[in-house]
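Q: The opening residue of the sequence shown carries number -7 in my numbering; numbering runs sequentially from there.
Since the hints were derived computationally from the structure, they do not count as laboratory data.
Restraint ranges, calculated between C-beta atoms of paired labels, are given here: (1) Cys65 with Met15: 31 to 39 Å; (2) Leu50 with Ala82: 25 to 33 Å; (3) Ala76 with Ile51: 33 to 41 Å; (4) Arg73 with Leu41: 43 to 51 Å; (5) Cys65 with Ser29: 46 to 54 Å; (6) Gly17 with Ala75: 34 to 42 Å; (7) Arg73 with Lys44: 45 to 53 Å; (8) Asp27 with Leu1: 34 to 42 Å; (9) Leu100 with Glu80: 23 to 31 Å; (10) Leu105 with Cys65: 27 to 35 Å; (11) Met15 with Ser97: 19 to 27 Å.
Glycine included, each C-beta is placed from N, C-alpha and C at the ideal position.
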Amino acid sequence: MPRMLALVLMVPLLTIYADLMGMLGGAAIAATQLDVSLPVYFRQIQEALTLKAFAQGLIKSAVYGAIVALSGCLRGMQSGRSAAAVGEAATSAVVTGIVGIIVSSAILTVIYLEVW
-7 MPRMLALVLM VPLLTIYADL MGMLGGAAIA ATQLDVSLPV YFRQIQEALT
43 LKAFAQGLIK SAVYGAIVAL SGCLRGMQSG RSAAAVGEAA TSAVVTGIVG
93 IIVSSAILTV IYLEVW
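Let the sequences and hints guide you as you build the complete structure.
A: Structure (C-alpha cells):
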C-alpha cells in the first residue's frame, strides 16, 4: 500500500515538473529560433493555461499512477518464482497498465466533457 500511495502522489509532482520543463524548453526555442520575446511567450502561456486544465491534468496523472501501481502489484503477486516468470509478469504488468491508462483516459475525458 505505501508504494501505491507513493505513485499516486509522485506522478502528479512529476507531471508538474515535466510541464514546467516543457514550458521552459518552449521559451528557449521561441526566443532563440522563432524571435518571440520571453514576455510575449509567458503572457501567451498565462492566457492558454487555465486552472481547470491544470487540475484535470493533475487528476488524470494521479489516476494513472494508481493504475500503474495496481497493475504492477497485481501482476507481481501473480508472478512465479523463476526469472522467466518475473519477466513475463513485468511484461504483463506493462500491458495491463497501458490498457488501463487508455480506458481511464477515455472515461475521464467523457467525464470532463459532460460534468466539468
